[in-house]
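J.: In the order they appear, the protein sequences are chains A and B. The first sequence finishes on residue 1051 if you use the working numbering, and the numbering steps up by one all the way, no holes. The second sequence finishes on residue 201 if you use the working numbering, and the numbering steps up by one all the way, no holes.
Just so you know, the hints here were simulated from the structure itself, not pulled from any lab data. A hint or two may mislead.
Unchecked claim - Here chain A is said to cover these stretches of chain B; the calculated rule only asks that three of the stretch's residues, wherever they fall, bring their Cβ under 8 Å from a Cβ of chain A:
hint	region
1	89-102
2	122-131
3	143-155
Stated by the list, open to error - Here chain B is said to cover these stretches of chain A; the calculated rule only asks that three of the stretch's residues, wherever they fall, bring their Cβ under 8 Å from a Cβ of chain B:
hint	region
4	660-674
5	931-945
Even glycine gets a Cβ: it sits at the ideal position worked out from N, Cα and C.
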Amino acid sequence: MAESGGGGPDVTQDLRVPWDDERRGYERELLAARRVAEASERRVGALQQINADLAAAPTAAEVARAVVAAPGQAFGAASATVWLCDPDRDQLAAVAGTDPAGLARDDIPRTSCRAIAAVARRGDLHVIGSVEEAEEHFPELATKMRRTGRGTVVLLPLTAGPADEPAAAEVLGVLGFDFAGPHELTASELRVVRLLGHQAGQALDRARLYDDARRREGRATFLAETTRALEVLPRLMPRARKLVERMVPEIAEWAAVRLQVGPAGLLADAGGPAPDPARLDERIAAVVGDGAARLTDGEGLDPDCAVLPLAASGRVLGTLALRMAPGRRTAAAEAAFLGDLADRAGLALENARLYEQERAIARTLQRSLLAGDLPSDPRFAIETHYQAAAQDLEVGGDWFDAFLITPDKLAVVVGDVVGRGIDAATTMGQLRSAIRALAAAEAGPARLLERLDRFVDRVESARMATVAYAEVDLPTNEVVYACAGHLPPLLIEPGGSPRYLLDARSGALGSRAGRTERLEQRTHLTPGGRLLLYTDGLVERRNRGIDAGFEMLARGYAGRRDSPLPGLAAGLANALVGRDHADDVCLLCLSLGTDDRLERSIGADPVQIALLRKDLRGWLVAHAVDEESTQAVLLASSEAVANAIEHGYRDNPLGTVDLVATVTPEAVQVRISDRGRWRASSTEVARGRGLQLIRQVMDQVSFDRGDGTTVNMRRIRRELR
Amino acid sequence: MSIARWVSFAKVGTTDLVRLAGEIDLVNAPEIGREIVRRTGAAEAVLVDLTAVSFLDSAGVRLLDVLVGDLDDQGTPIRLVVGETGVARMTLQLCAFRDDLLATDLDRAADELGR
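Model the full structure from these sequences, guided by the hints.
T.: Here you go:
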């Protein structure tokens, strides 16, 4: 279009220019409108995609991942980050970001003055248009904008609740995105941004409910499984152990159960690291004091170590201390669950404690009854053995007894009361006393059983007890025996084969179905003969018939005909039932004549030393060892065994101490050995006196500490001193 | 098991008499010791009769050692009656207990303390 010269008005130009401008303007508008439409379409597409992603996101983390992609796709933002609120800790944590380097790993307290926290508190969109604007309110944000070269930052709260009522909305997180330069968002863009915040908030709310439901379900399953797992362990320590082992690592990174039982208390812990001990003790004392849980303590050492009371029937039995697994909900947030867990554990542990108490009473009672004085006399020797069932069963009602009816008449008994536990132990004690009281020289075994039948009419718990009973006339070696529902005694005589005494059998005590006529049988026991009474645990085993059991016993007994009597009963029990036996085993072996060798093996329990002394004393007396040497050997052996238990088995209550004593016309030789590890103890001074006593009363003493400790001691008999 | 099996108490004039019997060892000695301390806290003089003791080990010796030490500190006279022979005499002599503590006759020792 050429410019015309001259002064006249250029109509063409006048006409043309507005048209052209209009056209250009129109094109521009059209272009802009198309751009807007395209941007809008892109936004809508992006938002639709995000909406679909949000609907499919089952967890808060996946919601965050879907949301963080939106600003880039919809508005061309440079980078974006999502923070989620952690209501338990009252803080915001960055969980997703488009720029991995930009994802700050610091958690922001909700009360902080930082921009993110301010937006989370206010619950409204905040656009910071420039570094200068940021400088005014949020210096830390301005610093960051300068560092990362950002011009505009948008902070959008992710809210759940009614869209038309912003005041009632709950802020579940914050989405932050930014632009490299100044970037003004249009009103429609802002509407879309707000909509995005609301949709993301709804998705988070859904995920949170879903998380809660899943966690509640997991907790319920955990509680039910824990209760079941504890139920199958009746004893206290295994129960406490099981509890902490179940808790770590599933619930906590460290857990400890402390119970106020016994003089030392009980402790079971798992995981780590353990909290500061002084701080923990302080908290435990507080919980024991008022029975209220201490779940958190915002300051000081180990603020996240929680302590809950373990209570039953209104009494605090102990405490459950724990530190929750890192990155998991806090103990305070799990208060209801932990309270429920502690309640159940308290009940389970209290039951175990009662069980333990009853078991201890039953054991003590049984031990005191079995440890009663057995007669010692040069004319005979008695060897007994009691072995409790290997599994953690309650004590059984098996017992043995031997007593002199007159100076010349010996009675031996082995019996078995129906049932287990404290009732069985009590009944056993009553029956044992009844037999001692009712046995009379002129009566004999059959009459005794008749009297016991009348006794069980009054003591019902003794009904159906079985008894093998024999009386020995010591001057003549005549034996009269009777069995009331009990297994037949086994007799072996020098040069003969073992023989079961199968006569004089009748039903169990008070039996209504069994033969009630009480019989007795007379037989002769040659000097050197041995009579064995035993309970069914010795021959009855699940995996073999009782006939096979009888045969094995006879063979084992015959094979030991020349073995020394001491240790014979234990040896037989070991050969027939071994260590892993399901029932109690009780044996009594009566021998006419004595052996010059005594062998004993006792558990690492000081109570057993008295039993060992009793055997040793009887054996020394039977060999006519002088009183002074007898006392010396008893004292030295006692001290050596005490040493073995206190030093060798400080860490192993299941260890055993072996004693072998031999006697010659000149001297008594004793060897005491353990397989423990010698450890110095706090009773060093006291034990030192024990060692000194050993050296003083014995003529030769040597210690050998290799694999365990062996003490060899020799005492010369007085007639040769 | 009640410890009455091993320890009983009586008075001889103004003196507290403690009778020990049976086997005293590391199982029952601590409890017996506590019982003696409980019952003789305010005694003017204490006489321990060990003639019926059938066994006494180093834990029993420790029990007596502590008892004598405590009473000496309080200025309370004490005698241990061990007879002419016997287990208690043997063990206590082996442990070199002071001669002035050991007595052979209960009545004479009671007279001495009563004076």
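J.: Against this structure, judge whether each hint is valid.
T.: Here's how the hints hold up against the structure:
With 0 residues bearing a CB less than 8 Å from a CB of chain A, the region 89-102 of chain B misses the requirement of three and the coverage assertion fails. Look at the region 122-131 of chain B against chain A: 0 of its residues bring a Cβ nearer than 8 Å to a Cβ of that chain, fewer than three, so the hint is violated. A count of 5 residues in the region 143-155 of chain B with a Cβ less than 8 Å from any Cβ of chain A is obtained; the coverage claim is therefore met, three being the minimum. Only when three residues or more bring their CB closer than 8 Å to a CB of chain B does the claim for the region 660-674 of chain A stand; here the count is 0, and the claim is violated.
By the rule of at least three residues with a Cβ nearer than 8 Å to a Cβ of chain B, the coverage given for the region 931-945 of chain A holds, with 5 such residues.
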